[in-house]
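Protein chains in written order, with my numbering: chain A, 1 to 384; chain B, 1 to 384; chain C, 1 to 384; chain D, 1 to 384.
Honestly, the hints are just simulated from the structure, not real lab data. Don't take every hint at face value.
Restricting the straight-line Cα-Cα distance to at most 25 Å, the calculated cross-link-like pairs of lysine-lysine (DSS-like) are [stated by the list, open to error]: (1) A:K270 to D:K260; (2) D:K372 to A:K260; (3) C:K270 to A:K95; (4) B:K95 to D:K260; (5) C:K270 to B:K272; (6) D:K95 to D:K380; (7) A:K380 to A:K260.
A few chain B residues facing chain D, derived, Cβ under 10 Å [to be verified]: (8) F58; (9) A61; (10) A62; (11) V64; (12) E86; (13) A88; (14) H373; (15) L376.
Negatives, chain C to chain A, calculated, CB over 12 Å [claimed, not checked]: (16) M1; (17) I53; (18) A61; (19) Y65; (20) N72; (21) E86; (22) D92; (23) S169; (24) N209; (25) D239; (26) R266; (27) K372; (28) Q374; (29) Y384.
Note that beta-carbon positions come from the ideal geometry of N, C-alpha and C, so glycine has one too.
4 protein chains.
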Amino acid sequence: MKRKVCVVVTARPSYSRVKTALQAIRQDPDLELQLVVAASALLERYGGMLRTIEQDGFDIAARVYMVVEGENLAAMPKTTGLGLIELATVFDNLKPDVVITIADRFETLATAVAASYMNIPVAHIQGGEVTGSIDEKVRHAVTKLSDLHFASTQMAAQRIIRMGEDPASVFVTGCPSIDLAAEVLKAPALDFDIFERYGGVGERLDYSNGYIIVMQHPVTTAYEQARHQVTETLHSVRDLEIPALWFWPNVDAGSDGTSKGIRVFRELEKPKNIHFFRNMVPEDFLRVLYGSQCIVGNSSVGIRECSFLGVPTVNIGDRQVGRERGPNVIDVDHDRTAIRQAIQRQLDHGKYAQDTTYGDGCAGSRIADLLKHQELHIEKRLTY
Amino acid sequence: MKRKVCVVVTARPSYSRVKTALQAIRQDPDLELQLVVAASALLERYGGMLRTIEQDGFDIAARVYMVVEGENLAAMPKTTGLGLIELATVFDNLKPDVVITIADRFETLATAVAASYMNIPVAHIQGGEVTGSIDEKVRHAVTKLSDLHFASTQMAAQRIIRMGEDPASVFVTGCPSIDLAAEVLKAPALDFDIFERYGGVGERLDYSNGYIIVMQHPVTTAYEQARHQVTETLHSVRDLEIPALWFWPNVDAGSDGTSKGIRVFRELEKPKNIHFFRNMVPEDFLRVLYGSQCIVGNSSVGIRECSFLGVPTVNIGDRQVGRERGPNVIDVDHDRTAIRQAIQRQLDHGKYAQDTTYGDGCAGSRIADLLKHQELHIEKRLTY
Amino acid sequence: MKRKVCVVVTARPSYSRVKTALQAIRQDPDLELQLVVAASALLERYGGMLRTIEQDGFDIAARVYMVVEGENLAAMPKTTGLGLIELATVFDNLKPDVVITIADRFETLATAVAASYMNIPVAHIQGGEVTGSIDEKVRHAVTKLSDLHFASTQMAAQRIIRMGEDPASVFVTGCPSIDLAAEVLKAPALDFDIFERYGGVGERLDYSNGYIIVMQHPVTTAYEQARHQVTETLHSVRDLEIPALWFWPNVDAGSDGTSKGIRVFRELEKPKNIHFFRNMVPEDFLRVLYGSQCIVGNSSVGIRECSFLGVPTVNIGDRQVGRERGPNVIDVDHDRTAIRQAIQRQLDHGKYAQDTTYGDGCAGSRIADLLKHQELHIEKRLTY
Amino acid sequence: MKRKVCVVVTARPSYSRVKTALQAIRQDPDLELQLVVAASALLERYGGMLRTIEQDGFDIAARVYMVVEGENLAAMPKTTGLGLIELATVFDNLKPDVVITIADRFETLATAVAASYMNIPVAHIQGGEVTGSIDEKVRHAVTKLSDLHFASTQMAAQRIIRMGEDPASVFVTGCPSIDLAAEVLKAPALDFDIFERYGGVGERLDYSNGYIIVMQHPVTTAYEQARHQVTETLHSVRDLEIPALWFWPNVDAGSDGTSKGIRVFRELEKPKNIHFFRNMVPEDFLRVLYGSQCIVGNSSVGIRECSFLGVPTVNIGDRQVGRERGPNVIDVDHDRTAIRQAIQRQLDHGKYAQDTTYGDGCAGSRIADLLKHQELHIEKRLTY
């Protein structure tokens, strides 16, 4: 009897953080993969992740549209509530033996709550990290609802245990997103034309002599400032005059603040050196990332994948505060001058050495192996 | 400007665990109480709590019907999801400065998630305890979403801190339910006829020479066994032939298993010494409790209120495993002989001395005071 | 390419009204049946319909728990809203070519709305009838959302056309519930012991010398009176002292009013001649019905199936006002004397001749045939 | 005792269609207005209607965020389901005596269902019209759930009666949106600078020598073609080289198809004579409309308000098929040449005479008067 492993993917970044585990689960004759695609992962305007998943050859067991629109914060609990209602039906129909939830986006709590309330063991990828903001609350709440913990780093595993989880349920697997980076490193050349394949908006740039990448997400607890913050980054990048590939933020309560900032800047300033993209297939993105001189913004990619790839990172603001980091990161405030100077320092420095804090490239198969061999149970208690 | 304190009451037992805090908040000129009544607290068949709340003179800011029916486990996440959706609207309309969530029933997570996602500080009453079952997961997940912690015991407070919460946000207030018990102790005489006031089903019993109380809730992760378990207790109580006041279980996935067990037993065995009640006004219940010779079952009342009141408790099964207890508790398995013998031992022992592990009777005013003076914020990080 | 026909069954009576159509669809090589079971059809306490459906050999494509509990009227729109949300996901995953919705229960509107909003053609069984109460509004609203109309009677079909529907989309198929009755007439003998097979509560009755059946549903727009009304019927049936098989009402806002009335009457009056059942397998029920001397209450069964079976009916109150009826029906008010006298008159009269107003026994295959051959489209306009 | 009239506004155009009724209700000492703002009326990206409502001095009794995001059709039933759930709570808390629902947008069905299921009388503004598409189904379904009908035209009232509604419940009030137009006609001069007040995107145009208006909504049942259709209109308007004020479509399943078409056209063709607006305060919009030479697209404004204002209309495609129209309308297909020629004909023709088919300017006060004096009830039956 195969174990049925249900994985709920709710967003573009989550897919990257589970893809190699999905592949390993699918290939294992003792496991049956039930892939549920939900929330912004289904929506074209957040990156058309659905197409990528289908192109990667995964069968989709259920699709759950659940994003409630709103520029105010009520949209987040409503989205989560809708997900909770529908995932209960999905789990009731699929009857999985274990459910996997990924990281710390607000809507992932729906997966953990639905499964745990239905007495289905929950495995959590990427618990135990520290970042601040609402993600912090979500991540640790998910830990408390989970029965198996697949931590990315030693320190994260230690924190999970200190929170009172049974050490026998906590494993340092590394992060599956690093597996993708490791895979890309086997053939890292940028073998396609970025603009041809991905379009985007803004002028076509000559990136043959180097370029930077920008990814800046709104910080939900600082909703009002989102527009100001992105404008600082826009100015610093524009002023540097180096080709910049800018990726739109994913969905969050402040999303429209950030988007608005970008739209207004484009309209008024018509920056010649910035080209905007919605998203890329993960492998393409990693090649583009590896080929870049620096990544700027507040994405965790700069901390995680880039430490492994050795790509210099300028990390802005407090979104990533508390996350372990390799030597490749310079932290700065939301200040256009500070940002510009930090980018310049990184351009001068060049590539860093590989750092394996977040994984060695084998996380996916390690996770599949644990899902196959670990005893599954749903009863737990604080260890103290 | 008054601080607006929104309290969401979702069930009969939760009301007892917050009532004196509600009174203290209402009386405080610097605080404005926004009372939301939701879930089974609104439903007649779970005890007509709404009437009690109105009789206690509280204004109700919003009523939220959210209980999804179902004999299977999908009903719990759906109920929670529905609550999440609606509480988001309620909070958006009431705009509270702080939201209070109580204890560890599954649907209380909706309160904590909705408020925390909307950047409203969350205060949690009764975190840090250890019980097992789904309550365990819910309770600690709520802790991780909360910004202020009002623990009932020293040990609970220590556990919250060990889970990584800022010690400055953790307070030992005692449990407000003990306040009610302390109040009742001032005039503990049973000054009404139980059957006249509460009806119930079964024969009228002569309880003037002593009686016991039974409260046995289904254990959600052992759904199938609920009926068997309640039947063991029914046999032991019937065999003892002492007058027994039996309280119906509150809503849970296994509710119908337990209810069915009771109904079948009544139909087949027609027990003469057992009378069944739906519920009572908390103060009446505490008087009935104080006047009893023993409480039997798996309700936390036997552990908490009874340690303060000195009422002997026979605690059955593992629902209360891990909870601190006073000297008044004997633990037994779901075995009719063991239960009967334990009850007999408690009848022989009689009253115990007062124990203040769960509170000294001033929790409500302590909580109101903290809500008034504590700085409210929503940013937090693991302390390690 | 088979046409995918999705049928949503939400309650016990709906299943009887579609079962032979389900069989005909399943048997047709050009049609693929997608059966969705939802709402009270999934709940044991409304009759364990799920088991019956599985015993009948149907595969279930999705199960949707959606009944929101509540003794007040808010439960109905909430149940419908929940169904709407979840059926959207179900239809998005199943991608049916046509969706069938049945009759006029409040939650069936969820099926019609979800399908029509998703541009899926809707076929409605049992439109065009007139009854009053909320069912009346629901039924005609469903007609306005539907693209194909399978009416039970000529008069119903005429009404649908008068409401502005294209005559080419309206068909008199008869009601599939009559097919079941026709089937049962081929071997109508009651070949099982009712009490052995169905248990129920109350004393075992000797029904060999005749018996009556009672089915009384609460009328939602007269919520407060539900208890009074059922008590009148209870008195009249008790006073007659003839064996009575009484079926519990299905879910509705007033359900607990009616249930309460029955429970209190049983407790106080201990009627010796009434036995209470939750429900029966439809074929068994039809045999029990055919073998009875009279049916009493306000169920449409008395009007529809009984006109075909020739069983005398005492129809109480205004729940069935406006429905076409055969000669077998006597209408009375909610008055114990009037009810008793009408039952007596029917007992004196005995069986009536068969009447085919509601169908000739071939509705199911007629419906499957139309679903196979009719052009499906979603555009329509009032014909005037 | 004042009658409590609850009005649910879910979108920008609905507000215009009820505003004068809101004013008349508010001013009437015997009526109490309970205004609920919901769905896209709350969202900035659909036009910031909330601000307008507040500026007009209305108190808001409840805000309900309910728009579920999705480029596919599942978003519509989900949005409606969410609304149904939440409006049930809103009505349960507000306890209105009558609920008003407006026109035929898909989410208005939530208002009608929630109120009718809760036994609250429903009054419907703008029933009985004929348009095709999903609006057609919604509109007549709402009629079947409603107890009072406030029709805009004589013909609409006749259709409602023919659908089986009691003639005593049907009133020709005219459409309140015409009241706004009548008000504007008292001082029709365009006394502000359009670009200064409303910004928008595209070049500043000199509109002093005449201009046209474009409003083209996606047609939900022709999702795939939305982009093609809007592109035809864009070409014809660009080719005419007359200043054009183009208003973005409101939310619908095909919204992104239309929006995408507009965005791509702007990027590629950089049309010099088209300026894009999100929305305007209704009174400003009516002045801009009255000052225009022609309105182009498929908005009902071209049929309704413009017949009263005498503004020439080029109505494209079948979105308005079946609606009564005055002499001011020329109908054309989605063909750039046909559209261009029709616009030219209208420019040559100039203003038309006032037509009062859709109202005489007193609808609002007529509606308030009916709400005050009509007997309210919830029982109805087909009249045939």
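A quick look at each hint next to the structure:
{"no.": "1", "hint": "A:K270 to D:K260", "verdict": "holds (21 Å)"}
{"no.": "2", "hint": "D:K372 to A:K260", "verdict": "violated (46 Å)"}
{"no.": "3", "hint": "C:K270 to A:K95", "verdict": "violated (45 Å)"}
{"no.": "4", "hint": "B:K95 to D:K260", "verdict": "violated (37 Å)"}
{"no.": "5", "hint": "C:K270 to B:K272", "verdict": "holds (18 Å)"}
{"no.": "6", "hint": "D:K95 to D:K380", "verdict": "holds (21 Å)"}
{"no.": "7", "hint": "A:K380 to A:K260", "verdict": "violated (46 Å)"}
{"no.": "8", "hint": "F58", "verdict": "violated (15 Å)"}
{"no.": "9", "hint": "A61", "verdict": "holds (9 Å)"}
{"no.": "10", "hint": "A62", "verdict": "holds (6 Å)"}
{"no.": "11", "hint": "V64", "verdict": "holds (6 Å)"}
{"no.": "12", "hint": "E86", "verdict": "holds (5 Å)"}
{"no.": "13", "hint": "A88", "verdict": "holds (7 Å)"}
{"no.": "14", "hint": "H373", "verdict": "violated (32 Å)"}
{"no.": "15", "hint": "L376", "verdict": "violated (23 Å)"}
{"no.": "16", "hint": "M1", "verdict": "holds (21 Å)"}
{"no.": "17", "hint": "I53", "verdict": "holds (15 Å)"}
{"no.": "18", "hint": "A61", "verdict": "violated (9 Å)"}
{"no.": "19", "hint": "Y65", "verdict": "violated (7 Å)"}
{"no.": "20", "hint": "N72", "verdict": "holds (21 Å)"}
{"no.": "21", "hint": "E86", "verdict": "violated (5 Å)"}
{"no.": "22", "hint": "D92", "verdict": "violated (6 Å)"}
{"no.": "23", "hint": "S169", "verdict": "holds (30 Å)"}
{"no.": "24", "hint": "N209", "verdict": "holds (47 Å)"}
{"no.": "25", "hint": "D239", "verdict": "holds (47 Å)"}
{"no.": "26", "hint": "R266", "verdict": "holds (35 Å)"}
{"no.": "27", "hint": "K372", "verdict": "holds (28 Å)"}
{"no.": "28", "hint": "Q374", "verdict": "holds (29 Å)"}
{"no.": "29", "hint": "Y384", "verdict": "holds (38 Å)"}
The structure does not agree with the numbered hints 2, 3, 4, 7, 8, 14, 15, 18, 19, 21 and 22 stated previously, though it agrees with the rest.
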